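*Asks:* Starting from the given sequences, assemble the full structure and let the hints guide the process.
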Amino acid sequence: VNIPTAQEEFSRLVELASDLDQAAQSLPPEERESYANAQQSVVEARRSAEVHEGLLQLN
Amino acid sequence: LDAKDWVDPDTHGWVLHPQTDDDWAGIVGQYAPDHPVPLAATIAAARANGCVSVVVENRYVDGDFRSDHAAFWSQRFEFIPPFVRRMHFFASHIEGEQLHRLPPNAGYLGYAVLRPLAAGPVGRTVVKPPPSLHSATLAVSADDVTLFGNRLSVEGAPFCQQDGEYFRCAHAAAWMCHYAAVRRGLVARQRTRMFVDATPAMLSIERPLPSKGMTLLQMQAVFGSLNQPALFYGLAKMPRVAGVEDPSPPVDGTGRAIPPGKWDTRIFSVVCRYLNSGYPVLVATDDHAFVLVGWYRDGDWIRFVVNDDQRGPYGIIDSPFEDERGTWQAIMVPLPPRVLLSGESAETAAHQTFRSLGAPAGALPQWTALAAGVADGTVSVRTLLRDASEYKHELLERALPEDAVRLLRLARLPHYVWVVEAHDRDARAAGNPCVIAEVILDSTSNDFRPRFDALLMPGLAITYPPDGGSPQAVPMGVGLWQSSLPLNIPEVPRRVRLAS
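Listed in order, the protein sequences are those of chains W and Y. Each residue of the first sequence is one higher than the one before, counting from 1 in the working numbering. Each residue of the second sequence is one higher than the one before, counting from 60 in the working numbering.
Note that these hints are calculated values from the structure, not bench results. In this text the structure is predicted, and so the values were computed from the model without any measurement. Each hint should be verified, as a subset may be incorrect.
[Stated by the list, open to error] So these bits of chain Y aren't anywhere near chain W, every CB distance computed over 12 Å:
hint, residue
1, Val120
2, Arg160
3, Ser270
4, Phe380
5, Arg468
[What the hints assert, rightly or not] With the Cβ distance kept under 10 Å, some of the chain Y side facing chain W (calculated, not the full set):
hint, residue
6, Ala229
7, Ala232
8, Glu265
9, Arg266
10, Leu268
11, Lys271
12, Leu294
13, Ala295
14, Ser404
15, Pro419
16, Gly421
17, Ala434
18, Arg508
19, Phe511
Note that the Cβ used here is the ideal one computed from N, Cα and C, for glycine as well.
*Replies:* Below, the structure written as structure tokens:
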């Protein structure tokens with residue numbers, strides 16, 4: 001059995017963490033989609049101010 | 060209030076030693092006969108901290124009220140004095156003979172400016188939070204005061220009351236957010252008149268004065284002119300965040316939709332992200348605005364601490380869904396203008412990374428456990444906005460390896476960063492170092508694509524330099540480290556709290 005040295009193990013971790021976009025590809029497609037939807041909802045929320053909200057008169 | 064007697068030219072001030080409830084009620088009745096609640100709540104906070112002496116500073120020139128007076132109150136046919144009184148609260152017995160040289164252990168509890176306005180006497184106020192909020196996370200800041208040559212300091216959440224005609228609840232709520240930022244060194248101080256002057260008249264059907272308050276559109280314009288553009292959350296469309304439950308919109312018995320202010324639990328996580336970061340959060344109902352300045356856990360519930368110009372400082376909201384002020388409609392969070400990334404986007408990006416890195420076959424067991432923990436909720440995710448310089452400064456106190464501290468301190472970071480921590484719930488509950496992993500994100504990046512500045516995982520710390528630089532990494536142990544969240548002990552300096 002070829003047991004990796006600590007340096008080899010660390011290098012493997014660095015490789016994994018160096019490219020987070022690539023790492024994200026290891027998730028199942030449906031999970032990647034749910035994250036994309038969540039990010040999109042944040043952007044949509046930024047666009048969401050409805051007219052009546054902006055005109056509430058606070059006194 | 061009798062204008063003739065408001066300013067005594069022959070005295071600097073006086074000391075009161077109220078002892079009974081009636082004594083205290085007498086003070087409230089003298090200064091706030093028409094709207095006693097805000098002043099009574101201010102005094103209640105001081106009394107809860109053991110106040111036994113009240114120093115009344117006579118003929119005090121308050122820059123805020125003087126600005127209002129010049130703009131509005133001086134136009135009155137009847138005389139309204141341009142001076143205020145300032146009330147200072149002490150936990151020790153102070154005699155008039157000591158006022159020029161207060162003892163070092165005077166026990167200063169804060170101050171309240173009292174305007175000569177029956178409809179709204181309480182001006183700029185900072186009082187120490189009551190001991191009952193000891194375990195709350197509060198967005199407080201330190202304020203420095205000079206009283207007869209004595210330098211005093213108090214830590215609290217700023218408060219003021221509307222005056223009913225010129226400076227309304229929306230102005231007061233905006234001012235509370237502004238003065239907190241001033242005391243944190245984030246923005247230059249503006250006088251209260253500026254809040255009215257900066258209100259665009261074309262965004263309201265009302266004539267500007269006497270003021271009918273502000274619309275949310277006007278409030279955003281005011282926050283922009285204060286260099287604190289506010290993130291806006293309409294409760295009708297709250298963002299989804301990975302790991303945070305998306306509640307389903309309920310309907311009433313007739314099939315009509317119930318307003319989200321009555322059920323959307325995402326309110327809690329959105330508000331707490333900013334309060335954890337030290338930023339007050341403004342809430343709007345249909346017709347009122349107030350400021351959340353803290354939160355605490357009470358069993359299974361989260362309670363909010365509120366400064367409401369009509370009710371005073373440090374009130375408690377048991378549930379936003381049953382708030383007697385009205386149904387919550389919107390949330391505004393005034394932030395430094397360079398913060399472009401939202402906390403929700405940062406948290407989702409971090410959540411995805413924790414999941415991704417634990418997914419491959421052969422991943423480090425601790426990474427796999429982290430990925431499983433954030434998915435099933437046994438690992439808790441906490442997100443806060445930090446000044447990067449403060450973040451770097453406090454790294455030494457967080458039980459991190461020296462190599463990781465060096466890597467992060469030498470990293471080139473923007474002025475503000477979002478920090479997302481993965482917590483071991485048991486370790487946190489026990490008060491031990493509890494952070495399993497941590498992501499640092501560039502606050503100037505976009506919600507579409509949050510940019511990572513650094514990542515701390517079991518076994519590895521790595522930074523992602525800007526402008527296409529090569530990632531830099533150092534080994535880490537697999538132990539837990541200290542959270543950068545506040546530990547909620549206001550009396551003890553932060554660095555002491557973190558070390559203890």
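*Asks:* Each hint should be assessed against the structure and marked as holding or not.
*Replies:* Consistency of the hints with the structure:
1. Val120: holds, 28 Å
2. Arg160: At about 45 Å from chain W, Arg160(Y) clears the 12 Å cut-off, so the statement holds.
3. Ser270: violated, 8 Å
4. Phe380: holds, 19 Å
5. Arg468: Arg468(Y) clear of chain W: closest Cβ-Cβ about 19 Å, beyond 12 Å.
6. Ala229: holds, 4 Å
7. Ala232: Cβ of Ala232(Y) sits 8 Å from chain W, so the hint holds.
8. Glu265: Since the shortest Cβ distance to chain W is 8 Å, the answer is holds.
9. Arg266: violated, 13 Å
10. Leu268: violated, 13 Å
11. Lys271: holds, 6 Å
12. Leu294: This interface hint holds because 9 Å falls under the 10 Å limit.
13. Ala295: holds, 6 Å
14. Ser404: holds, 5 Å
15. Pro419: Since the shortest Cβ distance to chain W is 5 Å, the answer is holds.
16. Gly421: holds, 8 Å
17. Ala434: holds, 9 Å
18. Arg508: Hint holds; Arg508(Y) Cβ to chain W Cβ min 8 Å, cut 10 Å.
19. Phe511: holds, 6 Å
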